Structures are given as C-alpha cells and as structure tokens.
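A.B. asks: Given only the sequences and the hints, what does the whole structure look like? Please build it.
Letter by letter, the chains look like this.
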Amino acid sequence: KAGVTQTPRYLIKTRGQQVTLSCSPISGHRSVSWYQQTPGQGLQFLFEYFSETQRNKGNFPGRFSGRQFSNSRSEMNVSTLELGDSALYLCASSLEARGTGELFFGEGSRLTVL
Amino acid sequence: EDQVTQSPEALRLQEGESSSLNCSYTVSGLRGLFWYRQDPGKGPEFLFTLYSAGEEKEKERLKATLTKKESFLHITAPKPEDSATYLCAVQWGRLVFGKGTKLTVNP
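Chains as they are written, first to last, in this note's numbering: chain W, 4 to 117; chain G, -4 to 102.
Hint data in this document are derived by calculation from the structure and do not stem from the laboratory.
Hints are supplied without guarantee of correctness; some may be wrong.
[To be verified] Mimicking SDA-like on lysine to any residue, the simulated pairs with C-alpha atoms at most 25 Å apart in a straight line are:
| hint | chain 1 | residue 1 | chain 2 | residue 2 |
| --- | --- | --- | --- | --- |
| 1 | G | K54 | W | L114 |
| 2 | G | K74 | G | G24 |
| 3 | G | K37 | W | P11 |
| 4 | G | K94 | W | G87 |
| 5 | G | K94 | W | T41 |
| 6 | G | K63 | W | G87 |
| 7 | G | K37 | W | E99 |
| 8 | G | K74 | G | E51 |
| 9 | G | K37 | G | P3 |
| 10 | G | K37 | W | S25 |
| 11 | G | K74 | W | G87 |
| 12 | G | K94 | W | S30 |
| 13 | G | K63 | W | L114 |
| 14 | G | K37 | W | Y13 |
[What the hints assert, rightly or not] Stretch by stretch, here's where chain G covers chain W in the computed footprint (C-beta under 8 Å, at least three residues):
| hint | stretch |
| --- | --- |
| 15 | 39 to 48 |
| 16 | 78 to 87 |
[Claimed, not checked] Between beta-carbon pairs, the in silico distance windows are:
| hint | chain 1 | residue 1 | chain 2 | residue 2 | range |
| --- | --- | --- | --- | --- | --- |
| 17 | W | I15 | G | H69 | 30 to 36 Å |
| 18 | W | T17 | G | H69 | 32 to 38 Å |
| 19 | G | T62 | W | Q21 | 41 to 47 Å |
| 20 | G | K54 | W | S82 | 28 to 34 Å |
| 21 | G | E53 | W | N59 | 19 to 25 Å |
| 22 | G | D34 | W | Q47 | 31 to 37 Å |
Nothing here was measured: the structure is a model prediction, and the numbers come from that model.
Backbone N, C-alpha and C define an ideal beta-carbon position, used for all residues, glycine too.
C.D. replies: This is the structure we're talking about:
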C-alpha cells in the first residue's frame, strides 16, 4: 500500500514568488491535512480538507490556500512568499474527517525562500 | 499560549538507560492524545492514541500513559534505533502538536 506522496520534495524560491505543493493521500483516504513545520514553532496546522471541502483552517494569512480534488489529491499554494515561509510543509491523510488523530504523513516538501 | 508542552526539549540516554518523556496540556474536554515519532528528514509516524485518564498503550520498548493533565512516554532499555524526535498532539477539532522531545540514545 503506497504511502502519502508529496511533490516536490525540495524547492527554492525567492521572495515575492508563489509556490504550489502537491499531496497524494493513501488510497481510500478522503481527509487531507496540511502542516507547516519550523524549528521554532514546531508543527502548526494549516488546513484540513474532506471530500473537496475545507473543514478547518489554522491561523495563517490568506496567502496560504489549498484545495482538494475529487480523487482526494490536494494542493496548497503560498503566494507572495516571505523569508519566514521557509519551512517543511507536511501533508497527512486519514480515513475520516476529524474524529481521529491517527494521521499518515508524507515526507514533506522543504521550501527555502531566499 | 502553549496548549501542549513537551519536556525535556532534548534528552540523551545511554543504551539500556530507561527514562520518560512528558507531555502536558491545558485544555479540558480532551478528545484524544496522540504520540508520534519523527526521524530526521521524514514525516511523523503515528505511535499511540490515548483517550481517557488511566489508559496505557505499549509497543516494544515504549509505553504511553495518560492522566487528566499530562501524558508520559516511557522508554524501557532504549536502543540507538529509538533515537528520534517524539511528538505529542491533542485533539481540539484539529490536531495541536507540542514542539517535541529530541531523544538521542548512545551505544
């Protein structure tokens, strides 16, 4: 059974650019969550999608957005990149929406903003 | 405001030296407390779920326990391969993570 796949694994951008990250959940999983991980703040919740609907959103500015497609694949976008957006972005999938903390994480997309 | 606090931030053990990691939380009405393990360059890997005070879960050298205000991850006779960052998380609608304890087990 394939795990959660995130692409790209590494990317470098400059301030002001935008970036799109992709996540393919485990087959059959309909819930996808996104987290930002930095050394100072740890893992911070960005948003959660279930059946193409955003169910929950963290405390991030509107520059951070996401969506989920009918096949459960998800993308997140960050516009007008800032230096502080440099982080590991983790996607996690689960069978159900909320209700369970048993998440299956991908290996992440490491974004560096110069 | 920190809702989930893990201590210590880092812990070094000798192989075979047992110890415990702590996770404390401040919100009532806990819907679940979860432990994850994260290796460098990888995403977190689920270990345990605890729902009510007094509950315990075990897996190999790890045992997780839960009280009304905190959880402990006990590591018995650790091996170098247990070296990782251990994260706890609590569920308040969404999952809120602590900053983790980085465990290093020296041979």
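A.B. asks: Are the hints correct? Go through all of them and say.
C.D. replies: So, going through the hints one by one against the coordinates:
Note on K54 (chain G) and L114 (chain W): the hinted pairing is violated, with a Cα-Cα distance of about 34 Å set against a maximum of 25 Å. With a CA separation close to 36 Å, the supplied pair K74 (chain G) and G24 (chain G) exceeds the 25 Å bound. With a C-alpha separation of about 14 Å, the suggested pairing of K37 (chain G) with P11 (chain W) holds against the 25 Å cut-off. Simply put, K94 (chain G) and G87 (chain W) have alpha-carbon atoms about 18 Å apart, close enough for the 25 Å limit, and the pair holds.
A distance of roughly 10 Å separates the Cα atoms of K94 (chain G) and T41 (chain W); the hinted pair therefore holds under the 25 Å criterion. Proximity of K63 (chain G) to G87 (chain W) is assessed by CA-CA distance (about 36 Å); at most 25 Å being required, the pair is judged violated. Of the supplied pair hints, the one linking K37 (chain G) and E99 (chain W) holds, its CA atoms being roughly 23 Å apart against a limit of 25 Å. Note on K74 (chain G) and E51 (chain G): the hinted pairing holds, with a Cα-Cα distance of about 22 Å set against a maximum of 25 Å.
For the given pair, K37 (chain G) sits about 22 Å from P3 (chain G) by alpha-carbon distance, which is consistent with the 25 Å threshold. In summary, the hint linking K37 (chain G) to S25 (chain W) is supported, as the alpha carbons are separated by about 16 Å, within the 25 Å threshold. The suggested pairing of K74 (chain G) with G87 (chain W) is violated, with an alpha-carbon distance near 36 Å, which exceeds 25 Å. Restraint check for K94 (chain G) and S30 (chain W): the C-alpha separation of about 30 Å exceeds 25 Å, so the hint is violated.
For the hint pairing K63 (chain G) with L114 (chain W), the CA-to-CA distance comes to about 38 Å; that exceeds 25 Å, so the pair is violated. The hinted pair formed by K37 (chain G) and Y13 (chain W) meets the criterion: a straight-line CA distance of about 13 Å does not exceed 25 Å. With 5 residues bearing a CB less than 8 Å from a CB of chain G, the stretch 39 to 48 of chain W meets the requirement of three and the coverage assertion stands. Evaluation of the coverage hint for the stretch 78 to 87 of chain W: breached, as 0 residues show C-beta separations to chain G shorter than 8 Å, against a requirement of three.
About 41 Å separates the C-beta atoms of I15 (chain W) and H69 (chain G), a value inconsistent with the hinted range of 30 to 36 Å. About 47 Å separates the C-beta atoms of T17 (chain W) and H69 (chain G), a value inconsistent with the hinted range of 32 to 38 Å. A C-beta distance of roughly 46 Å is found between T62 (chain G) and Q21 (chain W), which places it inside the suggested range of 41 to 47 Å. At about 42 Å, the beta-carbon gap between K54 (chain G) and S82 (chain W) misses the expected band of 28 to 34 Å.
Checking the proposed 19 to 25 Å range against E53 (chain G) and N59 (chain W) shows it is violated: the Cβ atoms sit about 31 Å from each other. Distance hint check: the CB atoms of D34 (chain G) and Q47 (chain W) are about 20 Å apart, inconsistent with the given range 31 to 37 Å.
When the structure is compared with the earlier hints, violations turn up for hints 1, 2, 6, 11, 12, 13, 16, 17, 18, 20, 21 and 22 and for no others.
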